[in-house]
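K.L.:
These are the residues of each chain, in order.
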Amino acid sequence: MEKISQLMDGELAEREARLQIRRMGSDASLVHAWQIYHLIRDALRDDISTGSDFELRLRQRLDEEPTVIAPHAHVASRVVRYSLPLAATVAAVAVVGWLALSSPPQPAPSAAASRNAPAVAATEPARPVLPPPAPSGQVNDYLLAHQEFSPTAAMQGVASYVRTVSNEDWDPAR
Amino acid sequence: MGDREIDQQLVERAQRGDKKAFELLVAKYQRKLARLLSRFIRDPAEVEDVAQDAFIKAYRALPSFRGESAFYTWLYRIGINTAKNYLVALGRRAPTATEFDSEDAENFENGDQLRDVDTPENELMSKQIAQTVNDTMEALPEELRTAIVLREIDGLSYEEIATVMNCPIGTVRSRIFRARETIAERLRPLLQTSKDRRW
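As they're listed, the protein sequences go chains A and B. Quick note on numbering: the first sequence equals residues 1 to 174 in our numbering. Quick note on numbering: the second sequence equals residues 1001 to 1199 in our numbering.
Please note that a few of the clues may not be correct.
Straight-line Cα separation of at most 25 angstroms, DSS-like style, residue types lysine-lysine; simulated pairs [said to hold, decoys possible]:
#: 1; chain 1: B; residue 1: LYS1084; chain 2: B; residue 2: LYS1127
#: 2; chain 1: B; residue 1: LYS1057; chain 2: B; residue 2: LYS1084
#: 3; chain 1: A; residue 1: LYS3; chain 2: B; residue 2: LYS1020
#: 4; chain 1: B; residue 1: LYS1019; chain 2: B; residue 2: LYS1057
#: 5; chain 1: A; residue 1: LYS3; chain 2: B; residue 2: LYS1057
So the derived label-pair ranges between C-beta atoms look like this [as the list claims (entries may be wrong)]:
#: 6; chain 1: A; residue 1: ALA91; chain 2: B; residue 2: GLU1160; range: 46 to 54 angstroms
#: 7; chain 1: A; residue 1: VAL90; chain 2: B; residue 2: GLY1091; range: 20 to 28 angstroms
#: 8; chain 1: B; residue 1: ARG1004; chain 2: A; residue 2: SER29; range: 24 to 32 angstroms
#: 9; chain 1: B; residue 1: PRO1063; chain 2: A; residue 2: VAL90; range: 40 to 48 angstroms
#: 10; chain 1: B; residue 1: GLY1091; chain 2: A; residue 2: GLU16; range: 48 to 56 angstroms
#: 11; chain 1: B; residue 1: VAL1149; chain 2: A; residue 2: GLU64; range: 21 to 29 angstroms
#: 12; chain 1: B; residue 1: ALA1089; chain 2: A; residue 2: ALA91; range: 22 to 30 angstroms
#: 13; chain 1: B; residue 1: SER1157; chain 2: A; residue 2: THR67; range: 24 to 32 angstroms
Because the hints were derived from the structure by calculation, they are not lab data. The beta-carbon is built from N, C-alpha and C at its ideal position, and this holds for glycine as well.
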């Protein structure tokens, strides 16, 4: 009974409180203590108000009610609270990963391609790939004059003195 | 484990089909709920009927209770709505929204004393209970009376009571329990006179 007294005062540790609540489900004397201690509390606080058969009448009405079953309602709400954001994160990572992996591969030189190249060359006449038109010497002068405005000019130290832009006449023969 | 956590435990058990757990909540809150309802409904018998209806509605609504508010706050809201609907159905003036707002359930602990809600045949019983409790309190040894008054009237924790009474917490625990048991012993014969009552 002393544990029930502590329980109603909120002075039991959680584990012990759970145990006492569970015990009340099967021990009528503990339920009786719970009822009468609360009656005393309410009497001391001038809360005596309901008829003496209030609980009996209510119990009879409750007996006629279908039993409420809401298993793990509280747990479910916690699960939803924490699992949904986690699931959303996982889904987002999965989508991004899938998009990245399923994008068309970039053409890259490979050994196989190198091996095939002579065969292609043998079947087709060689077509020299022309470079873009070479800028004239005037453009080169212009670029040199405006080198300080290039992005590298913002670099610290000697970077601004490094020649970053240049042009030479392209000579396929060299 | 605090008051709210204890209620949550009982609610969760009731949600799993344990009606006895809900009855423990009824035992705990029936008089507080009745005191609340008596502010809106004058007739004592009607207060009791509406309180019964409110508890039944709360029981039916248990699956929707998620513990986001304290159980008693939730119960009191159901009680107020039940009282409002009851008064409207009778064509009487229901409390306004402002009255509801101002009567926050959290503040009912310090409300005025409730009129007797007992029907005439139960009124005597209520008075006898109150008289027995008061008489027994007067007869308690000083240390027991002080301990239970500090707990039940002043709402102090065991630790605070231990400080006030300058004694170990274990002693406080024992004194409060002994005080309750002494009063309970006096009350039991009185309560057992009520037919079919499961005290």
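K.L.:
Look at each hint and say if it fits the structure.
P.N.:
So, going through the hints one by one against the coordinates:
1. B/LYS1084 with B/LYS1127: violated, 29 angstroms
2. B/LYS1057 with B/LYS1084: Measuring from Cα to Cα gives roughly 14 angstroms; hence the hint holds.
3. A/LYS3 with B/LYS1020: Status holds; Cα separation ~19 angstroms.
4. B/LYS1019 with B/LYS1057: holds, 14 angstroms
5. A/LYS3 with B/LYS1057: violated, 31 angstroms
6. A/ALA91 with B/GLU1160: 46 to 54 angstroms: Because 51 angstroms falls inside the window, the suggested range holds.
7. A/VAL90 with B/GLY1091: 20 to 28 angstroms: At 58 angstroms between Cβs, range violated.
8. B/ARG1004 with A/SER29: 24 to 32 angstroms: holds, 26 angstroms
9. B/PRO1063 with A/VAL90: 40 to 48 angstroms: violated, 30 angstroms
10. B/GLY1091 with A/GLU16: 48 to 56 angstroms: holds, 52 angstroms
11. B/VAL1149 with A/GLU64: 21 to 29 angstroms: violated, 41 angstroms
12. B/ALA1089 with A/ALA91: 22 to 30 angstroms: violated, 50 angstroms
13. B/SER1157 with A/THR67: 24 to 32 angstroms: Cβ of B/SER1157 to Cβ of A/THR67: about 37 angstroms, so the range 24 to 32 angstroms is violated.
Checked against the numbered hints above, the structure violates hints 1, 5, 7, 9, 11, 12, 13; every other hint is satisfied.
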